[in-house]
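Sequence order for the protein chains is A and B.
Residues 1 to 540 (the numbering used here) are what the first sequence spells out, left to right.
Residues 1 to 254 (the numbering used here) are what the second sequence spells out, left to right.
The hints are simulated quantities; they were obtained by calculation from the structure and are not laboratory data.
Glycine included, every Cβ here is placed at the ideal spot set by N, Cα and C.
Mixed in with the good hints there might be a few duds.
What the hints assert, rightly or not - Covered stretches of chain A (chain B as the covering partner; in silico rule of three or more C-beta atoms under 8 Å from a C-beta of chain B):
#1 116 to 128
#2 186 to 197
Unchecked claim - Using C-beta positions, here's what the derived DEER-type ranges look like:
#3 A:Arg52 x B:Gly219: 40 to 48 Å
#4 A:Gly212 x B:Ser220: 46 to 54 Å
#5 B:His6 x A:Arg51: 32 to 40 Å
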Amino acid sequence: MDRSPQQTTAGIWSRELAELPTLLSAHVRISALAAALAVLIGVPAAVLVARRPRWRAAVLGVVGVVQTIPGLALLALMVPLLGAFGFWPALSALVLYALLPIVRNTVTGIGGVDAAVLEAADGMGMTPGQRLLGVELPLALPVIVAGVRTAVVWTVGMATLGTPVGQPSLGSYIFGGLQTRNTAAVLVGCAAAALLAIVLDALLALLDASLGRRRRSGVWLSLGGVLAVVGGAWLAPFFASTAAARPVTTATSAINPAREAAREPAAAAESAVVHVGAKTFTEQYILASVIAQRLGAAGQRTERHESLGSTVAFDALRSGDIDVYVEYTGTIWSSYMQRGAPESSWRTLASTSAWLAERHGIRLLGPLGFENAYCLAMRRERAEALGVRDLRALASHASELAFGTDYELLKRPEWTRLTETYGLSFSRTVTYDPSFMYSALASGDVDVISAFSSDGRIDSLGLVVLDDPAQAFPPYDAVLLLSPRAAESDAIVGALAPLVGSIPVERMRRANEIVDRSEGRQTPEQAAHWLLENVPNGEP
Amino acid sequence: MIRFEHVEQRYAASRAVLSDVSFELSRGQLGALLGASGSGKTTALKLVNRLLEPSGGRVSVDDRDVLASDPIPLRRSIGYVFQRFGLFPHMTLAENVAVGPRLCGWRASDITARTRELLALLGLPPETYAARYPRELSGGQQQRVGLARALAARPRIMLMDEPFGALDVVTRAELQVSYRRLHDELGLTTLMVTHDVVEALLLADRVFVLHDGQIAFDGSPRELLAAPPPGAVTRLLEVARRQLGSLEALARET
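Work out the full structure: start from the sequences and follow the hints.
Structure representation (structure tokens):
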């Protein structure tokens, strides 16, 4: 901690930009494939239904309904539907989303062809196919291209939402940056996605105009431009590594928490890559780095999948798409096992461990030594002014207090139990992204928040955690989960076993704090390195 | 040769558009199908190249029932001229004229030569007009292209649906004369739909008056003038005569 590198402005930006080629490439790859597939599916489908009113209404209805599903929800829905995570659910959600403008414009374009022209085509003896290719599609083309333009801009924007389902994209900057309060990363992600969308839109606008004026040079210029942008961004990592072969090795050691996959030194003879997962908050980034550093030191190659939604990470572990990540016993207990009343810490540990092994073949390697439990927290002076120390006392003031929480707690069974146990009813409840929740409490926008007991900001912001005398919240011990495949590898188990019991809550809080604080912030990699100083180098 | 025998045409359960139509147009003649709007003229025309199929009776072209012919080659062998021109707006004039020959699978060099020949024949010098688009032309010029396009694949038979109806009087007269000349020079058989009595009288060899879904008159223009069928045609002729009389009277006064 004492030898933390200077956080110069140039340093921050160059660190963020070092990740750009990889993420831009992944982003362009999925956006381009999704847009191309949407055209390949949407245009023929629209052609088939364009002159059949009943089918047309049905198809437009279906693609219209898909559009009303919020983007993130559609992506998240694809994960259980396809039973996979990462590329395929992201791709299928993006394709579904892009279909509407393409289908609608194709149908409109074909329907807008002058009846006299169609009569002429039939009267001259064109077959239906010749009429379609020679007359209807060419005349509808400018309208179709306008639809493709809309679809491309949407797709580039929405591809950022691929990150929470495990598809790397420019959204990794945005989601990771928001979680770790890294404004530079958020800005880089937004600017890169916006720039990409603007450039592609401008090129397609040129295509649109050139088709309208039948200027062949413009058509080729714009198509060439689109190909150059997509191809260039696709191959960006290759260019970046050849252009700067020397500095890259040092740049990758200053790693961004939210990038796609860190390939640790591949000294291992073992060819299988160990996939390390992380959910969407600082602690998870740090612990994923802890795991990766341990495995790397043991000669394993690792690849990281970060910013995964909560259930996405578990599903990915079950399906073997990832091999290891850190979960919390309370989450397993209430969300996956759907159990009711909580039990003591060790009983919960025992029953979750048994359930995971029997039901899913997942191995719970052991607790890391700290809890990251839900708790309710207030600013110290506010709590003292009201004389509130625990949740019972809070309940009598709750009707005058505003409550801030993350998206997840309100959907969890323990929230129902908590409100019923204590009769909690707040005047107002607001949901925030976790990193904004603390700011909202500090600024007085809300009076009470749902905090996490290992969060460094509890100490740094001077918050008090309210006691839970009825034990309505279940225990949330952080535990290492291994996929069935990883559980069988002695090398993996051997590298990770020393982590069990090695991280007390004070150290985890401190590690979270040095990544989350606004001054002199460090990377999750540096925090992980610091945490590992206390871990015995357990060679089996 | 085009022959209709007791042709009936009705759409679903509605009243018959054509109830019992019989007539015959011999080779080399120009026939006018004359009638008011809604009399079924266009319907009758579309039966000839199978854009529509009769509900009853028989339509034959050169003694062959059209229902026995494949509609695609049938349509390609018959020229069709549309009232609203129906030029393809995304194609140049040359490309528009070339559509028929291309559909018939001509060689590229033949198509180019034929396209230039027809544009020239219809008074549109190819050097100036070949690369233009339909929207750059006046209505009269567009219909000249429409005629060139219909004639391009060397059809023996022409169907024309009010071909001069959308043009101003002067242009219409010019184009009528040009077409009559082409018809004779090329030895075509033409069936033309019109609601203009004067056009039918001045242009056609034979006039068929359609009224209430039946042929109310079948004969030469001279016979039509001598004994017009009662109804719309008689009234139209009276109007035309009265206008002519007034014009002559006006001319004498000046």
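Do the hints match the structure? See the list:
| no. | hint | result |
| --- | --- | --- |
| 1 | 116 to 128 | holds (count 11) |
| 2 | 186 to 197 | violated (count 0) |
| 3 | A:Arg52 x B:Gly219: 40 to 48 Å | 46 Å, holds |
| 4 | A:Gly212 x B:Ser220: 46 to 54 Å | 52 Å, holds |
| 5 | B:His6 x A:Arg51: 32 to 40 Å | 33 Å, holds |
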